[in-house]
Amino acid sequence: MKTGQSSISPSDKSTRRIAIDPVTRVEGHGKITLLLDSDNHIREARFHIVEFRGFEKFIQGRPYWEVPFFVQRLCGICPVSHQLAAAKAVDQLAGVDRLTPTATKLRRLLHFGQILQSHALHFFHLTSPDFLFGFGSDPVRRNIMGVLEKHPEIALQGVKLRKYGQQIIEAITGKRVHGTGTLPGGMNKPLTTGWRDALLTDIENILLWSGNAVKLNEQIHTANPEHADFATFPSNYLCLTGEKGELEFYHGGLRARYPDGAFIFDQFDYCDYRQILREEVRSWSYMKFPYLHQLGNDRGWYRVGPLARVNNCDRISTPRAEAERKRFRAYGHDKPIHSTLAYHWARMIEALHCAESIQNLLHDPDITGTELVAEKGDRRHEGIGVIEAPRGTLFHHYQVNDEGIITRANLIVSTTSNNQAMNESIRIVADKYFDGREITEALLNHLEVAVRAYDPCLSCATHALGKMPLQVELIDAAGERVHRLTKDSTGQYVS
Amino acid sequence: MANNEHTITIDGTEIHFKAGQTIMDAALSAKIYIPHLCHYPGLTPSGNCRLCVVELNGKDVTACTTQAQPGQQIRNQTPELNAARMAITQMLFVEGNHICPSCEKSGNCKLQAMGYYLGMRDEHYPQFNPRREMDASHPAVLLDRSRCILCDLCVRASREIDGKNVFAIAGRGIHAHLIVNTVSGKLGDSDIAVDDVAANICPVGAILIKEKGYVAPIGRRIYDQHMISDVAFDEHVPEHKEHGND
Ligand code: SF4
Chain W
898 MKTGQSSISP SDKSTRRIAI DPVTRVEGHG KITLLLDSDN HIREARFHIV EFRGFEKFIQ
958 GRPYWEVPFF VQRLCGICPV SHQLAAAKAV DQLAGVDRLT PTATKLRRLL HFGQILQSHA
1018 LHFFHLTSPD FLFGFGSDPV RRNIMGVLEK HPEIALQGVK LRKYGQQIIE AITGKRVHGT
1078 GTLPGGMNKP LTTGWRDALL TDIENILLWS GNAVKLNEQI HTANPEHADF ATFPSNYLCL
1138 TGEKGELEFY HGGLRARYPD GAFIFDQFDY CDYRQILREE VRSWSYMKFP YLHQLGNDRG
1198 WYRVGPLARV NNCDRISTPR AEAERKRFRA YGHDKPIHST LAYHWARMIE ALHCAESIQN
1258 LLHDPDITGT ELVAEKGDRR HEGIGVIEAP RGTLFHHYQV NDEGIITRAN LIVSTTSNNQ
1318 AMNESIRIVA DKYFDGREIT EALLNHLEVA VRAYDPCLSC ATHALGKMPL QVELIDAAGE
1378 RVHRLTKDST GQYVS
Chain V
6 MANNEHTITI DGTEIHFKAG QTIMDAALSA KIYIPHLCHY PGLTPSGNCR LCVVELNGKD
66 VTACTTQAQP GQQIRNQTPE LNAARMAITQ MLFVEGNHIC PSCEKSGNCK LQAMGYYLGM
126 RDEHYPQFNP RREMDASHPA VLLDRSRCIL CDLCVRASRE IDGKNVFAIA GRGIHAHLIV
186 NTVSGKLGDS DIAVDDVAAN ICPVGAILIK EKGYVAPIGR RIYDQHMISD VAFDEHVPEH
246 KEHGND
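Chains W and V are the protein sequences, given in the same order.
All residue numbers for the first sequence refer to the numbering used here, where the first residue is 898 and numbers rise by one.
All residue numbers for the second sequence refer to the numbering used here, where the first residue is 6 and numbers rise by one.
Don't take each hint at face value.
Going by beta-carbon spacing under 8 Å, a handful of chain V positions derived as facing chain W [said to hold, decoys possible]:
#1 Val-99
#2 Ser-107
#3 Glu-109
#4 Ala-145
#5 Ile-174
#6 Tyr-219
Incomplete in silico selection of chain V near chain W, CB under 8 Å [stated by the list, open to error]:
#7 Ala-89
#8 Met-139
#9 Leu-147
#10 Glu-216
No lab work stands behind these hints: they were computed from the structure.
Glycine included, each C-beta is placed from N, C-alpha and C at the ideal position.
Only chain V is shown next, with the shape it has when bound in the complex:
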């Protein structure tokens, strides 16, 4: 290929990329959907949800953390990769308490939307039914850890965009859990504000603005109207906010 120093190929489609872009960045710019839950354009990628794993020259790599390089041959929509994505999604469902029928995030939830996108019909694995602490101590922001998928978006958004450091993930492996960086560990003692990106970026119903649930009627919620693969291209966090100690 004559001009392959600026292109990569995903599932047979050749696309251009800019220097410094990841495979995910390049794909999103070219409106090619690579499934993802922990990636959000504008935040440092973390590669932890593993849904964006693609096959690069016969090797599995996370698209969100792998730099695009000229001439890469990438496979994205393969039955094997999508089967693995389905298994991951099912595991995320059973690991938390994702009770879609009554959840206020239903219809706007990326995990649920991913399930629909992948054609998931059941959870397959046995339910963990974890007991995780609910934190309702903040007057306007609710943290329901039982739905947290540890995507780390709130952690990064708070640090990188809001200029705060409200959240962190503590523990490892199955013991990993979301903590609040205050002495009490309570959200109510943190400086999170209702319009912070961290308060609004959660892909599932773990961080919610209080008393706003169910306002969008059925039929008008995001994923009632669109597949997750159709609305992933316009997302971008706002610019970094400068905060004083207000």
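The shape of chain W in the complex, shown without the other chains:
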């Protein structure tokens, strides 16, 4: 695994660089570089991600109907999000504007299952160890195995919630990961009554456990005052919302708010996203920096994902999640909550909404219907699909030629939208915990916690339960390494 030393140059001679590589317990891996000025203050934080691996290029020259199954391979955690965003674009390419009720509901059910399993994975497997044991606690125990040992009921609920979401995915796509399902203008198979009944058998427990997870997160967040300030800063927020301003994951209009909660825009047609979004390229990062054009690149960056969605929406359509949203809002005095760790609380409110929505859909007679594919219209040359993936707004944009072959693709993934925000969080945490001399275990751990709040999907490669090695290097202005701290794969620190 490379450290930051060889790939990044200090911005100027009076700057020292500290590289942390990789960040553990995020999906994939990343590297943090802290740029210090000559007084050893944090000047800038840079979070490096190998995010895209050239998918936009790979799919050029491929037939358009293949795209949902090609791009879902971007990720092993949220492939369904990519499949669905691409499928929405593909519907347009096939000239379909409206799916059958069954196909729409199957896609929504699939999406709720996906978000539930992804959110459960993130909180229970990746984050709960930090919260239940403390950010600075022994890393040997601070992982899901430790949670299983000390808090088995919580860990098991997490495992079962994730499994339930995966079962929904399997029921609809034929596999837990990387199945099929979507077709241009519809879906390829109905939900059997056998699957529906099996899923209904467990739904009360799923509701209960999701509700417990919200409570646990509220309790953790409100009982620990340092959580409110941790890595926190005011930001703009972007997401889709439903027509009436409700929380919406599958289809809606774009809504953005200023930090004070005022609208920047609302119900903006995502097919025109290029009018409002720009992407800045910076030489040191593989990942672009999107921003809202009207605010410019210095003020226009924004956050996406659970915090953005729960801050942005006016209501949630399911009662239990709505009640929890109201508590969340009340805690923030009816203003957007900017606390980065509140992402976790918002994430579990969404998981509860998924559980309620799954129950509703399973009771809907359309869900086992057999009218699956809408009639195709005239093929179009451009398709844009946008959904709310677990980690935030996901844009898929394709152009095809007369023969149905992709000529151009543009994908803006959720983690990319949070790029500037993650850098900002890291800078704030580093500023607070760096002692001006060396990398401490506490600094290393706190930086990880800040990044993890965004649930970033990095190179989209999963890894084992927080046991990846972590290396921190301190490089002085002359490029010499003056200190190194490593956390190895067993969680031991080695200087």
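Given the coordinates of chain W, assemble chain V with the ligand onto it according to the supplied hints.
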């Protein structure tokens, strides 16, 4: 053996054959599977994929092109032959771009099914990653040459069954490639039709009907449900079609 003028023996099982049958024909009639990719009952055998090589009286021969003769002693399922079949299959995988995870033929692909049948767990050889031309010029039929294994089935089906001459294999050895017999070389300028046998016989995802991918859900595709060795016996091309110039 008293009556051996009408029988051959494959892996110790004595089977009958009709005069004029190949070893492959006789085996398929007797429901004995000899692995193959370029053979399709009803088309002239070509013997080019080499998967059906069997041991006949101590000599390697292609079952699809060798006439059955009374008393032949044939070995088919031997570790050596299956190891060679595995190597051939792996070579076919690396020579083209067979990306099963996103390929629309996945689950219905004979090359993939052969890999499963032979217990293939990796590609073993280094990938060629060839760049081959995609031809999407036909409104309904797609030709993705990057998946072509040069089995020649489309060539024969077009000539022998469809009464056309849409495809040919040009070049030799590693330079062999599938061409379309039109001045432009484009499928869109050919007379191939969507229900032609040639448009539907490709064992891999090289010739596809456009916009039909992924319609069969996982679990209901042919080789989700059957081993290739179990469903090889019912295949037969339809009778030769008479075509005017329509
Ligand atoms: S296109 Fe298909 S049928 Fe034709 S030669 Fe290639 S693999 Fe065989």
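Comparing the hints with the structure gives:
Given the 8 Å rule on beta carbons, the hint for Val-99 of chain V is violated: about 18 Å separates it from the nearest Cβ of chain W. With its C-beta approaching chain W no nearer than about 4 Å, Ser-107 of chain V sits inside the 8 Å limit, and its interface hint holds. Of the supplied interface hints, the one on Glu-109 of chain V holds, with its beta-carbon coming within about 6 Å of a beta-carbon of chain W, less than 8 Å. Given hint, Ala-145 of chain V at the interface with chain W, is violated; its Cβ is 10 Å from that chain's nearest Cβ, farther than 8 Å.
The beta carbon of Ile-174 of chain V is not positioned within 8 Å of any beta carbon in chain W (closest approach about 23 Å), and the interface hint is therefore violated. Because the closest C-beta pair between Tyr-219 of chain V and chain W is about 5 Å apart, less than 8 Å, the hint holds. The interface hint given for Ala-89 of chain V is broken, as the beta carbon of that residue sits about 32 Å from the closest beta carbon of chain W, more than 8 Å. Interface restraint check: Met-139 of chain V against chain W, minimum CB-CB distance 6 Å, threshold 8 Å, status holds.
This hint holds: Leu-147 of chain V has a C-beta 6 Å from the nearest C-beta of chain W, less than the 8 Å allowed. Given hint, Glu-216 of chain V at the interface with chain W, holds; its Cβ is 5 Å from that chain's nearest Cβ, closer than 8 Å.
This entry does not satisfy hints 1, 4, 5 and 7, going by the numbered hints stated previously.
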